[in-house]
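Student: Listed here are the chains, written in short residue letters.
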Amino acid sequence: MLKARDDQHAFVAFERVQKSYDGENLVVKDLNLDIARGEFLTMLGPSGSGKTTCLMMLAGFETATHGEIRLDGREINNIPPHKRGIGMVFQNYALFPHMSVAENLSFPLEVRKIGKSDREAKIKRALDMVQMGDFAGRRPAQLSGGQQQRIALARALVFEPELVLMDEPLGALDKQLRETLQFEITNLAHQLGITTVYVTHDQTEALTMSDRVAVFDDGRIQQLAPPDELYEQPQNSFVAQFIGENNTLTGTVSKIDARTCVVRLDSGEEIDAVPVNVTEVGETTLISIRPERVEIDPQLGPNAHTLQAEVLEFIYMGDVFRTRLRVAGRDDFIVKTRNRADQVRLNPGQQVSIGWLPQDCRALDR
Amino acid sequence: MSRSSVTGPDAFTGTTPDTALRTADAEQKGAMLAADGTPLKRSLNRALRAQKLRALALIAPLLLFVVITFIAPIADMLFRSVENQIVVETLPRTVATLDEWDGDGLPDDATFQALSVDLSVAAELKTHTRLGSRLNYENTGLSSLFRKSGRGVDEIGEGYLDQFVAVNPAWEDPLVWAELMGDPAWLAQAREADGAGPRFELAAGIDEILPRTADAYTAFADIVQTVDNDNPADEEPWAIVYQMLYLDLMDAPQIDGPPLLAEAAAAVPGFATFPAREGFAEIDDGWTDPATWRTIKTFSGPYTSGYFLTAADLRLTPDGIQREPEETRIYATLFGRTMFMSLTIMGCCILLGYPIAFLLSNLPMRTSNILLILVLLPFWTSLLVRTSAWKVLLQEQGVINDILVWIGLVSDGNRLALINNQAGTIIAMTHILLPFMILPLYSVMKTIPPSYMRAAKSLGATDWTAFWRVYFPQSVPGIGAGCILVFILSIGYYITPELVGGTTGTFISNRIAYHISQSLNWGLAAALGTILLAFVLALYWIYDRIVGIDNVSLG
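Residue numbers (the UniProt record's numbering), protein chains in the order written: chain A, 1 to 366; chain B, 1 to 555.
Be a bit skeptical, because a hint or two may be false.
[What the hints assert, rightly or not] Here chain A is said to cover these stretches of chain B; the calculated rule only asks that three of the stretch's residues, wherever they fall, bring their Cβ under 8 Å from a Cβ of chain A:
1. 49 to 59
2. 265 to 275
[To be verified] Here are the in silico distance ranges between beta carbons for each label pair:
3. B/Y540 to A/K113: 35 to 45 Å
4. B/P473 to A/D30: 41 to 51 Å
5. A/D365 to B/L352: 51 to 61 Å
6. A/M317 to B/D36: 40 to 50 Å
7. A/D22 to B/L383: 58 to 68 Å
8. A/G171 to B/P473: 24 to 34 Å
In short, the hints are calculated from the structure, not lab data.
For each residue, glycine too, the CB sits at the ideal point set by N, CA and C.
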């Protein structure tokens with residue numbers, strides 16, 4: 001995690017922020033979040049989880065029902081959006097259709113009363129930054145989706161804000177373009193040293209782009225962590241299941257100490273696991289194992305767990321094979337194996353043994 | 001990322017197999033050919049023909065309906081604004097002789113003689129009153145002149161009738177006339193027939209000996225047969241036929257005919273003369289006024305610009321186009337007032353409608369639906385009821401004045417005149433036409449995503465700047481559509497100004513209605529309507545040039 005430069009305060013801070021639209025339900029429940037200067041933070045979550053509301057509160061389009069939002073140490077709850085100086089990129093680009101690309105970029109500079117020659121220089125620099133220098137005279141309708149998003153990005157950056165908010169900016173683009181732009185956006189953000197808050201429901205996007213990811217669900221941050229930690233050490237079953245593919249087995253804790261626990265599965269087998277948020281013997285738990293950490297015909301050494309399994313389905317996916325197995329009474333257990341030259345292709349109905357290391361197996365809440 | 005060309009990062013400009021094939025094809029043959037070798041254009045047309053025919057068949061009933069019930073009547077109406085056949089049809093002989101008249105003084109006697117024949121025919125057909133009404137538009141007084149003359153025309157020539165009968169009582173016998181003028185074969189059939197008998201035919205050569213008599217007698221025989229359904233052989237001719245006979249006999253050097261005719265020819269030089277001009281002068285002085293004749297001559301053509309000139313406060317006179325006298329110039333004022341008031345109503349509708357449409361499109365669905373129903377509510381009540389309600393509200397002792405007096409804004413003695421003037425028309429019509437502004441505005445505003453305003457604000461624009469520079473330009477198509485609707489509807493509005501406009505708040509359409517239903521001057525009504533139509537088209541064209549018609553959107 002990046003630290004705020006002066007260590008005195010975070011650049012952006014949410015403190016006990018709550019939001020309700022109808023006075024009955026809370027959309028955002030007690031949000032506390034510090035964002036460091038220059039950090040790329042992603043808010044990730046399913047739709048309706050409150051992530052966009054948080055972004056809109058930060059931008060000033062929604063008011064917080066309770067709590068305080070601070071920008072660079074200053075409370076901004078009552079500052080109107082146009083005085084916050086925050087750049088914003090919208091999902092549908094929101095390029096003004098009656099203005100040319102250059103006029104779109106000129107708009108934030110004009111309202112800031114920047115001189116003409118200065119404006120032109122800044123517009124040119126911003127367009128070059130997103131490699132759209134030749135398009136200044138076009139109308140937004142004459143551009144492709146990807147090009148429009150570049151212009152939207154340039155427009156959000158042209159007045160040199162310190163904070164840029166992006167609300168699912170790549171949602172409407174195809175996969176290949178999305179990947180290219182993901183890379184460009186992160187590069188730009190880091191080059192310019194701007195703080196970015198990025199909202200998405202695409203976990204791959206969140207993992208590849210961010211310094212830290214805040215996983216939202218039900219109006220709360222479920223976990224706030226760098227991508228690798230998020231993937232490998234999910235703090236609860238929601239995060240484990242929302243980020244990446246995940247195998248789950250249910251059982252009860254039968255023995256527990258600080259670093260390991262033993263879980264008796266519903267089918268009777270006992271396995272070792274890392275206790276994450278289980279504390280007591282007898283608690284029901286959800287065991288989470290990543291599909292790529294499971295091996296078929298394991299040679300993992302003495303600590304490894306092995307279980308018998310039946311192959312139900314074998315899917316060829318190019319770089320990997322995806323095998324669906326029946327394990328401990330559940331038939332949705334997935335194993336991913338790399339497509340190596342010596343990898344055996346399995347047939348449905350085949351009996352195999354599978355295994356994993358205990359540290360890859362996490363006992364979570366149910 | 002890789003950049004394949006300068007046209008843009010996401011553009012793909014390589015050669016695909018498809019484009020390569022097509023370019024090669026085009027290079028080889030010049031024109032694109034289909035697989036069977038026919039030109040691609042032709043085979044495309046053939047492939048689409050069935051579709052086009054089906055489309056045509058689908059719109060055919062509506063097209064037919066529109067053509068029959070809308071376009072054809074309008075074309076007919078527009079034609080009426082220049083049509084002027086009535087003069088030449090009613091007075092064919094007079095118009096022909098007037099050709100040679102130079103417009104000074106009175107025309108010669110031949111014209112009066114021609115008029116006497118024309119009028120006799122017209123009086124029998126009862127078309128002289130219609131002609132009188134027509135010419136009365138151009139020269140007041142001609143209507144009564146023609147009505148009077150229609151009654152008196154049969155006395156012209158009676159002096160000659162008496163003298164001919166004095167020479168020989170046989171001239172009173174219808175059969176003598178029929179034998180003299182008619183073809184023997186016709187007469188033989190006519191004498192045996194009941195009723196009108198076979199169509200009258202002139203005897204061979206008689207129109208050379210007695211040309212004017214032959215013409216007048218033919219006209220007489222025609223009327224007797226077609227209008228009265230009688231036999232010319234049983235009817236005494238009109239007095240003017242005797243007048244014509246006298247003129248013909250006086251002019252003919254030598255008469256080569258039956259003894260009766262020779263006897264009359266010998267007697268005519270001793271007759272007393274009764275010139276047709278004096279006969280007409282006796283009926284009405286109007287005929288001795290050269291202005292009457294000038295009007296007839298000016299409007300004798302089959303087409304006229306008279307109605308249009310009248311609609312433009314001008315007047316066609318024999319000396320050329322002149323302006324109407326000051327006190328009768330009403331149409332320019334009316335057109336100007338119609339324009340001014342329509343523009344004012346349009347402006348009021350924008351001012352009142354824009355905020356409402358804005359509110360409608362930005363409120364949550366449920367609230368905006370209720371509001372929209374309130375906007376549409378006026379449509380559910382009859383136009384007459386709404387307008388009458390305004391009468392109740394706006395009159396001097398009405399609700400609005402009462403409230404103003406009660407508040408103390410106006411004193412009781414100084415109640416505002418809100419009705420039967422322009423204010424009344426503007427208030428009532430703004431109310432009636434407001435939905436036509438709100439609905440297109442609303443439907444356009446509905447399509448402007450709120451993210452534009454948000455984007456503008458996030459870029460540093462104040463609420464007003466964001467609205468004026470981002471929201472407003474995008475709502476212009478709605479304003480354009482609303483303005484066109486409101487303006488065109490109001491320019492032709494009729495009922496409301498009629499009811500609440502008094503004399504100063506009426507529109508040109510009220511005048512058109514007056515000419516259609518009261519003065520029955522359809523030609524002028526058509527000309528006014530044509531000018532109004534041209535106005536609207538011109539404004540539409542100007543709008544297209546300034547704003548662009550593709551900038552109009554109904555949503």
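Student: Are the hints correct? Go through all of them and say.
Tutor: Going down the list of hints, with the structure as the test:
Proximity of the region 49 to 59 of chain B to chain A, defined as three or more residues with a beta carbon under 8 Å from a beta carbon of that chain, is not established by the 0 residues found. With 0 residues carrying a beta carbon less than 8 Å from a beta carbon of chain A, the region 265 to 275 of chain B misses the three-residue requirement, and the given coverage is violated. The hinted window of 35 to 45 Å between B/Y540 and A/K113 holds, with their beta carbons roughly 41 Å apart. For the hinted restraint 41 to 51 Å between B/P473 and A/D30, the CB-CB distance of approximately 42 Å keeps it satisfied.
Distance hint check: the CB atoms of A/D365 and B/L352 are about 60 Å apart, consistent with the given range 51 to 61 Å. Between A/M317 and B/D36 the Cβ separation comes to about 46 Å, which falls inside the hinted range of 40 to 50 Å. For A/D22 and B/L383, the hinted distance range of 58 to 68 Å is not satisfied, since their beta carbons lie about 42 Å from each other. Remark: the range hint 24 to 34 Å for A/G171 to B/P473 is upheld by a beta-carbon distance near 27 Å.
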